[in-house]
Amino acid sequence: MSTLVDSWADVSQAEFDAALAVVSTVVTEMQPATETRLGAVHDLVLRPYAALFAANRVEQSRMLQSGSLLAITRDPDLADPDTVDQVYSNYNVVRQTGAKASGQITLVLSRAASTVIPAGFVFTSGDRRFVTLTSFAGRLSSNSVLSSTDRVLVQQLDGTWTFEIEVEAVDVGVSGLLRRGDPLQASRAVLNLVRVAAADDFSGGRDVETTAELVQRAQLGVAAQTWSNTSNITKLVQSFPDRDDFAVSVIGAGNAEQLRDKHSVLPLVHGNRVDLWVRSPRPPLIQTIELSAVYTGTGVNGAAWRLVVARDKLPGAYSIVAASRRERPITSTVTNLVATRKYVAAVGDPDIANALEAAFSIYQSFELTFTDPPLQGEDLVADVSTATFAVTAMLPEGVADIQAGLDAADVRPPVGDVVVRGAVPCAVSIELYFTTLTGVPRADISSAIVREINTSAFAGAVYASRIARIVSDYLPDGVDLVRIRLAGIVTRPDGQVRLTRDRDILAVESDAAAMTTDKTVAYVCETTAISYSIEGAV
Amino acid sequence: MNLTEVGSALALMGPYWSQTYDGREQVLALAGAASVAAQQRQLDTTFRTSYTSRQTAQPYRRVQFLPWTVRASSVNQSLGSVITHDSGLRYNQGYRYGDVFRDQYALAAPAGLRGFTGITNRITDASRCWIDGVDCLFDAQHGVIRFKENPFGDPAVIPRAIGDDQEITLWLVDAELDLGDIYEQFGFAFEGRPGIDGAIQKPAVLAVADIVVGGTNLHKLKNLIAAATGIPKTEQDETVETVFTRGGRQVVVTDKSVYRLPAGAAGPAAGAVLPAGTFLSDAVQLWEVSRTIPDWIRGLRIGQDLLGGGVSQPLFFANREVPVVTTADGPQFHVGTPDATAGFFREFARRLADVDLTVTDVLESLGGAAVPTGINPFEFLSQQWLRGSLLLLQLTPAAMQSHNVYLLNHLRKFISPHTLLMTVLALQPQRTSFTIAAPTVSAGTAANPNRAPLTLSPRFSARYTRTPCP
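Respectively, the protein sequence lines represent chains L and D. Under my numbering, think of the first position of the first sequence as 105, with each following residue one higher. Under my numbering, think of the first position of the second sequence as 1333, with each following residue one higher.
Be aware that a few hints might be false.
For the chain L half of the interface with chain D, some residues (derived, Cβ under 7 Å), not all of them [as the list claims (entries may be wrong)]:
1. V131
2. A159
3. N160
4. V162
5. T177
6. A328
7. T334
8. G375
9. N376
10. V378
11. R570
12. I574
Pairs of lysine to aspartate or glutamate, DMTMM-like flavour, derived with a Cα cap of 25 Å [to be verified]:
13. K1745/D x E133/L
14. K1745/D x E317/L
15. K1745/D x D349/L
Because the hints were derived from the structure by calculation, they are not lab data. For glycine and all other residues, C-beta sits at the position ideal for the given N, C-alpha and C.
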C-alpha cells in the first residue's frame, strides 16, 4: 500500500463528516436557500468534493506518518519497501540482512574406505538442516587427493577413521549455529559412517532484522562515530567490520562496576577509566587451539602439566572448558584441570592492577595445571618435556578486534584508557510445560525465544512473561502453556560460576565488586537449552 | 493564482458561471467552500513540509475551522470543570473539592487541542465570537473551555434538538492540535516520551539529537539541561533590560530575547550582563571543577560508589575551613563522622606509604613548610582529585518541574564516560517554594511566552523549610 488513497475505505467516516461539515456549512452560510442536506447539490457537488477534500487530508497525514519509523512499525500498511528504505536512510540505518550459518562437520567411519559425499547431501540436527555445497571425498592417503575438496582419512586411537567437510545451513538465521560436538544425522545411508558431529562452532548465521529492531537502532543510526558520549561510542564500535549488531555497555566514571579508577593515593575514584562491555547477538564461541604444555612431574593422579595461555591466545576467554592431548581421541580430556586467570603487565597497557581488572579482556592470560598420563612408552623429563594439547575455551566474540580498533591511532581518544571486555555471560535454560505437545512448533518457538534473549543487549533480566507471550503467538488452538522454569549459569569475572533459578524473573545477583551487574551481564540462550514437556507427565 | 481566495476560484470558472448564470450565488457559495478547503490543504502541506527537518517541525497541526459539536447536557460535566487540588484556588474561597466553579460553563475541549484564536458560531460572517481570555478561557491542563456565559443560552446560536437534549456546533478558529507528531517523527529516536506536549518535547528532542549526531560539547550539554529543566540559557551575550512576573512566573527581557522561567525560579536583576550560555536562573548551576570554587557549593558527599577500597563510610567534604588536628595517626581534618574521618586518613596514609609519603608530607606541601592549622576540605578535594574530571550540576526544585525533567536521568549517557557527573538537588531554607500541582508549563506556552493561559486566581503554593546542610 502506498501513501495515496486508492479506496474510499481508506477515508474514515469521521474524516469525511468533518470535511462535509466544512464545505456544506460554508455553502449554507453564504447561500442559505441552497439545500445542502439532500438533493443534487448535496449528492453531486458537496459529497464528492468533501470526499476528495478528506482524501487529500488523509494522504497528507499518511505522507507524514510514512516518514516515521515508529508509525511504520505501528501500521505495517505504511511499510511499502520503497518508503521504508527512504525512512531508514534518513537515520543512516541499513537493515541487517540474514545469513546462513556454516561450519565443518566430522564424519566418523568404522573402517578406512574411500567415501564420497555428493553436493546437496543433507545432514540434520533436530529440525535444522545442513547441506554440502560441493562434493567431498574422504581419501585413504594424500596420494589419492585430487582436488581441494578431497580429504585424507585420519585414524583415531579407538580404531575409527575421520574426515571433515563443510556444510551450510539450509535456513537463514542463528538457529543454524551448531556447537562443537553437536551430533548430526545423514539424510541418506553412507557406507561405514558411524556418526557425524560438528567439528567446531558454526559461524555466520544471523537473522534478518525486523522493523521493530530497526526502530531501536534509529538513534544509533545518526550518531556520530566518535569517542564522545555513550551513543557515539556505541556507534563507533558498531562501525567496525562485522560488529554492526553488537550491543555495548559503557562503564565509566562513577559507575560502581568501574574498578580501575580507584588506584589513586586518595581512596576515592578519580574517573578517566572506561570499560566497554560488548556482546554479540550470538552465544559465546567455543574455540579450540593447540598449545604447548610443560611436564612438571608426576602428580597424585598421574603426570602433571603446566600450560600458559598467553594474552593473545583465546582473547577475552570466559573460561577454559577442556584440554586434551593432541594424540588422543577428541573425546578424551585431561583431569584435575585448574585454570587460573592472570594479569602480567606489559608496556602500553591500560591501568590494570590485577587479574580481576583484566578479566574478559585481551589483557588477561591463563595458567593451566592438569594431569594427563604419558603416552604408551613415552619417557617424560620434569620441566623439560613438552607436549601439544588442544585447549578449548568459551570466549566472547569480537573483543580483540574491537580493542584493536579503538586503539588505532585515528580512533583512539587522547589520554584514553579503555578496556574492551566480553559481556559477563549468563547461559539461560528454559523449561516449558504444556497441556499437550501435539502441534507445538518447537523449532519456531525456540528460535523466537533465542532471538528475544540474545538480542536483548544488557536487559538486566529474563522475564517469563515475555517468553510466555512469545510462546503464545505460536501455539495452536487447544494447547496451553502451563508453566515456565528459568535457570541461568553466570560465569563471573572473578572466576565464580553461579546458578540462579526463578519462575518469573531470572536476574543475576548484582555484585559490582565483581563487575557483575545488569550493566555487564548478557543473557544468552541456545535452542538446545529450551526443553518442552507435558505438565504432569513423568 | 491563489485558490485559497474566492475570487481566484471564480476567475478559474470563467465569467459565465460567476456573472451570467442564474444560479451564480450558489456557484459563489461553492467557490467559498472550495477556498476554505484550499486554505486547509495549504496548512496541511505547510505542516507536513515542516517535518523535512527536525529544526523546522511544527509541534501542532493547524486547522482553520475545527468543528466542535457539544451538547447541553455536557456543560460542567467533565472532570476539568470540578474543583480539584490544582484548580488554582486559595483556601477560604467558598469551594469544596468536587464543587463546580460558579458562574462558569465548562465544556470538554476537543482531544489534543492546544490553542485557538477564537470560537465562532459560523465560518463566514460570524455573528457571535468568543475570544480566548475574554469571553472564554481555554484550560489546556484540564482539557476544558470555560465560558463566562452559557453558549446554549446565546441567541446567536441555534441549537438542534437531540431527543431531550440540545446540540450545537461551534467553530474553533485557527485551532492548534497536538497529535503527538514530534514524538512520532523524532522523539521516539531521541529520548522523547509519548504524551508530552509537542512544543515542550521539541527542544528536548532537538537537544538530544544534536548531541547524538554531533557528539557532546558544553554548548550542547547546556542546551540539554535547559530543555530538561525548563530554565533557558542565553544564546548570545545579552543584557537584562527588565524582569517582571506574569502568571506566577518571571519573564526576563534582554536586549536580544524574552525568556519565561518556571514557577519558583528567580531570574537575574535588570542590568545584569549575561555571557552567552548563561542559565537565566540560579536554579541551575553547572560547574566544571577548576581552581575557582563557587560559594554556592556547601560541600560534597562522597557515597559508596565513589569510594576506593579500604573506606567503607560515606564522606563529606565541606566547602568551609575546618581545623587540622594532630592525632596519633598523624594530621587529620573533618571529612565526615569521626569513624569515617579516621577510616579515610588511615587508608590515605596506607596508600601514601606505598610511594614513601605521609599525610604530613601532603599537607605540608599545601601549607608551605608546615602543616596548616586549617583547611577547606572541598578545596583540598577538588584540587587534589576532582579537577578536570568532575562536572557538578546543582538544581533547585524550581528546575525540576518540567515535563522533560526525566532527561536528567539520561545525562550520564550524554557526557564522556571519562568524566564524573554529580547532580546535587539543593533545598534552600526560606527560599525554595514549589507548586503542588502537575507540571505547570501549559500547552501553547513553551514556544511563545507571550501566549500564556490566563489563570483564575493565584496558585496555591506550599512553602517548606529544611535544615541546611552542615
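Notebook entry, point to check: Of the numbered hints stated previously, which ones are contradicted by the structure, given in increasing order?
Noted result: Violated hints (numbers, rising): 2, 4, 5, 11, 12 and 13; every other hint is consistent with the structure.
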